[in-house]
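Protein chains in written order, with the UniProt record's numbering: chain A, 1 to 204; chain B, 1 to 204.
By construction, these hints were calculated from the structure, which means they are not laboratory data.
All of these numbers come straight from a predicted model, not from anything done at the bench.
Please note that the accuracy of each hint is not assured.
Claimed, not checked - Now the stretches of chain B that chain A is said to cover, found in silico as 3 or more residues with beta-carbon under 8 Å:
| no. | stretch |
| --- | --- |
| 1 | 26-37 |
| 2 | 167-176 |
| 3 | 185-199 |
To be verified - A partial selection of chain A residues facing chain B, derived with a Cβ cut-off under 10 Å:
| no. | residue |
| --- | --- |
| 4 | D6 |
| 5 | G26 |
| 6 | T31 |
| 7 | V32 |
| 8 | L79 |
| 9 | A117 |
| 10 | A166 |
As the list claims (entries may be wrong) - Here are the simulated SDA-like pairs of lysine to any residue, each with C-alpha atoms no more than 25 Å apart in a straight line:
| no. | chain 1 | residue 1 | chain 2 | residue 2 |
| --- | --- | --- | --- | --- |
| 11 | A | K122 | A | L192 |
| 12 | B | K122 | A | T31 |
| 13 | A | K122 | A | P181 |
| 14 | A | K122 | A | T197 |
| 15 | B | K121 | A | R37 |
| 16 | A | K122 | A | D177 |
| 17 | A | K121 | B | L174 |
| 18 | A | K122 | A | L76 |
| 19 | B | K121 | A | D177 |
| 20 | A | K121 | B | E180 |
| 21 | B | K121 | A | R20 |
| 22 | B | K121 | A | T31 |
| 23 | B | K122 | A | A105 |
| 24 | B | K121 | A | D102 |
| 25 | A | K122 | A | R20 |
| 26 | B | K122 | A | E34 |
| 27 | A | K122 | B | K121 |
| 28 | A | K121 | A | S58 |
| 29 | B | K122 | B | Q133 |
| 30 | B | K121 | B | V32 |
| 31 | A | K121 | A | Q47 |
| 32 | A | K122 | B | E38 |
| 33 | A | K121 | B | E38 |
| 34 | A | K121 | B | E34 |
| 35 | A | K121 | B | A103 |
| 36 | B | K122 | A | P181 |
| 37 | A | K121 | B | P181 |
| 38 | A | K122 | A | Q47 |
| 39 | A | K121 | B | K121 |
| 40 | A | K121 | A | S136 |
Positions of the beta carbon are idealized from the N, C-alpha and C atoms, including for glycine.
There are 2 protein chains.
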Amino acid sequence: MPKQVDHRERRESIARALWRVVGQRGVMHLTVREVAREAGFSHGHVQHYFASREEMLSFAMDFASEQTAQRVGRGLEELGEHPHPRDVLRLMLIEMLPLYADARATSRMSAAYVLEALHDKKIHARARDSLAQGRSLVEQLVRQAIEDGYIGPDRDPVTETNLLLALTGFTTFLELDVIEPREVLAAVDQYLDRLFTGDGDGGA
Amino acid sequence: MPKQVDHRERRESIARALWRVVGQRGVMHLTVREVAREAGFSHGHVQHYFASREEMLSFAMDFASEQTAQRVGRGLEELGEHPHPRDVLRLMLIEMLPLYADARATSRMSAAYVLEALHDKKIHARARDSLAQGRSLVEQLVRQAIEDGYIGPDRDPVTETNLLLALTGFTTFLELDVIEPREVLAAVDQYLDRLFTGDGDGGA
Numbered sequence: 001m002p003k004q005v006d007h008r009e010r011r012e013s014i015a016r017a018l019w020r021v022v023g024q025r026g027v028m029h030l031t032v033r034e035v036a037r038e039a040g041f042s043h044g045h046v047q048h049y050f051a052s053r054e055e056m057l058s059f060a061m062d063f064a065s066e067q068t069a070q071r072v073g074r075g076l077e078e079l080g081e082h083p084h085p086r087d088v089l090r091l092m093l094i095e096m097l098p099l100y101a102d103a104r105a106t107s108r109m110s111a112a113y114v115l116e117a118l119h120d121k122k123i124h125a126r127a128r129d130s131l132a133q134g135r136s137l138v139e140q141l142v143r144q145a146i147e148d149g150y151i152g153p154d155r156d157p158v159t160e161t162n163l164l165l166a167l168t169g170f171t172t173f174l175e176l177d178v179i180e181p182r183e184v185l186a187a188v189d190q191y192l193d194r195l196f197t198g199d200g201d202g203g204a
Numbered sequence: 001m002p003k004q005v006d007h008r009e010r011r012e013s014i015a016r017a018l019w020r021v022v023g024q025r026g027v028m029h030l031t032v033r034e035v036a037r038e039a040g041f042s043h044g045h046v047q048h049y050f051a052s053r054e055e056m057l058s059f060a061m062d063f064a065s066e067q068t069a070q071r072v073g074r075g076l077e078e079l080g081e082h083p084h085p086r087d088v089l090r091l092m093l094i095e096m097l098p099l100y101a102d103a104r105a106t107s108r109m110s111a112a113y114v115l116e117a118l119h120d121k122k123i124h125a126r127a128r129d130s131l132a133q134g135r136s137l138v139e140q141l142v143r144q145a146i147e148d149g150y151i152g153p154d155r156d157p158v159t160e161t162n163l164l165l166a167l168t169g170f171t172t173f174l175e176l177d178v179i180e181p182r183e184v185l186a187a188v189d190q191y192l193d194r195l196f197t198g199d200g201d202g203g204a
């Protein structure tokens with residue numbers, strides 16, 4: 001195996017161990033030492049791959065975002081060549097929610113990262129950039145859908161983007177078993193049905 | 001000061017110190033020792049008030065919920081005797097979001113508690129009960145608003161309740177400065193305008 005790939009794979013397996021620590025043992029245990037134990041490596045071995053706890057956390061977060069993007073990418077492939085913008089947005093929203101194991105792991109990592117951001121300026125800046133980038137992507141889709149006549153021309157793209165993203169608020173209700181997955185899906189679909197009232201005739 | 005009041009006040013001041021630790025130093029520091037330091041008490045003194053870290057955390061969370069309920073209660077008083085259900089729901093939503101210092105402290109405490117719930121069954125059960133109770137209250141308001149003709153009779157109360165609560169998803173976007181407070185308020189108002197389309201004529 002080429003050395004570079006091995007390095008990357010090692011970092012990814014440490015990142016996955018970090019996600020497990022977040023979900024199974026708690027943010028209290030997010031130290032290099034505890035993550036090393038979970039990954040089955042020595043403390044020094046993990047330090048070889050990450051110079052600091054912050055670097056390890058940031059990598060684990062970036063890796064979570066990448067994994068989420070990959071899941072969305074696979075879902076997009078299944079939607080075919082000219083997917084309906086409603087289906088694209090639905091896919092993105094669903095993959096951000098803790099509805100199944102993979103999405104749960106990345107969602108929990110995000111929640112932990114946001115809490116770290118509250119008291120760490122570097123992490124805050126990084127988390128902000130990443131979330132703002134995701135928000136831009138959604139706004140672009142919303143603007144295009146308005147232009148193409150899928151969403152009514154009276155809708156404000158900024159407000160609609162923000163309301164769509166706020167639906168990630170289901171996360172807490174899912175994690176605490178207060179709203180069931182099928183109810184969340186029903187609510188998301190109801191919401192999208194009300195937003196996508198046009199037939200995509202180019203808004204002519 | 002009567003002893004009981006003093007006991008309660010002491011516990012509240014420790015809870016506030018715990019909130020500060022969450023916001024300013026991070027969940028990693030949520031130990032009895034660190035909270036005692038932040039509160040300016042000895043470790044033993046805090047142990048006198050809380051038998052365990054879990055008890056301290058749960059009290060700090062209950063206190064956060066109480067404080068939020070009190071803020072909502074004060075807001076309700078300002079709304080007068082027969083408030084419009086739209087205003088009541090708006091008030092409840094706004095107070096759950098980290099839009100100003102007090103609400104930020106309780107919101108951060110909630111976020112930390114949810115992460116603790118992931119790996120602690122007792123905390124999970126407690127957090128679930130509290131959130132489910134809040135959800136019931138909102139559902140009751142929504143059902144009444146449908147019955148009174150403020151919300152269209154075609155709306156499903158369960159789905160509408162869930163969608164309203166999902167708006168707490170703005171929390172992350174506010175904490176990371178990705179969506180500005182005025183944009184959040186605009187989106188919430190837009191959302192409520194679309195929900196409250198009736199004039200409260202009793203649905204007749």
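Here is what the structure says about each hint:
1. 26-37: holds (count 5)
2. 167-176: Check passed, 9 qualifying residues.
3. 185-199: With 5 residues in contact (Cβ-Cβ under 8 Å with chain A), the coverage given for the stretch 185-199 of chain B holds.
4. D6: Given a least distance of 31 Å, the restraint on D6 of chain A is violated.
5. G26: holds, 5 Å
6. T31: Given a least distance of 8 Å, the restraint on T31 of chain A holds.
7. V32: violated, 12 Å
8. L79: At about 24 Å, which exceeds the 10 Å cut-off, the nearest Cβ of chain B leaves the hint on L79 of chain A violated.
9. A117: Holds, because the Cβ-Cβ distance from A117 of chain A to chain B comes to roughly 6 Å (cut-off 10 Å).
10. A166: holds, 4 Å
11. A:K122 - A:L192: Since the Cα atoms of K122 of chain A and L192 of chain A sit roughly 35 Å apart, the hinted pair is violated (cutoff 25 Å).
12. B:K122 - A:T31: holds, 24 Å
13. A:K122 - A:P181: violated, 34 Å
14. A:K122 - A:T197: Distance ~42 Å between K122 of chain A and T197 of chain A Cα, so the pair is violated.
15. B:K121 - A:R37: Given that 25 Å is the threshold and the Cα spacing comes to 23 Å, the pair holds.
16. A:K122 - A:D177: violated, 33 Å
17. A:K121 - B:L174: holds, 15 Å
18. A:K122 - A:L76: Violated, because 33 Å separates the two Cα atoms, which is more than 25 Å.
19. B:K121 - A:D177: holds, 12 Å
20. A:K121 - B:E180: Distance of about 18 Å is within 25 Å: holds.
21. B:K121 - A:R20: holds, 17 Å
22. B:K121 - A:T31: holds, 22 Å
23. B:K122 - A:A105: holds, 21 Å
24. B:K121 - A:D102: holds, 21 Å
25. A:K122 - A:R20: holds, 23 Å
26. B:K122 - A:E34: Distance ~23 Å between K122 of chain B and E34 of chain A Cα, so the pair holds.
27. A:K122 - B:K121: violated, 33 Å
28. A:K121 - A:S58: At roughly 13 Å apart (the allowed maximum being 25 Å), S58 of chain A and K121 of chain A satisfy the hint.
29. B:K122 - B:Q133: Judged against 25 Å, a Cα distance of about 17 Å means the pair holds.
30. B:K121 - B:V32: It holds: about 20 Å lies between the C-alpha atoms, which stays within 25 Å.
31. A:K121 - A:Q47: Distance of about 22 Å is within 25 Å: holds.
32. A:K122 - B:E38: holds, 24 Å
33. A:K121 - B:E38: holds, 21 Å
34. A:K121 - B:E34: Holds, at about 21 Å.
35. A:K121 - B:A103: holds, 21 Å
36. B:K122 - A:P181: holds, 22 Å
37. A:K121 - B:P181: holds, 20 Å
38. A:K122 - A:Q47: holds, 20 Å
39. A:K121 - B:K121: violated, 32 Å
40. A:K121 - A:S136: holds, 22 Å
Checked against the numbered hints given earlier, the structure breaks hints 4, 7, 8, 11, 13, 14, 16, 18, 27 and 39 and satisfies all the rest.
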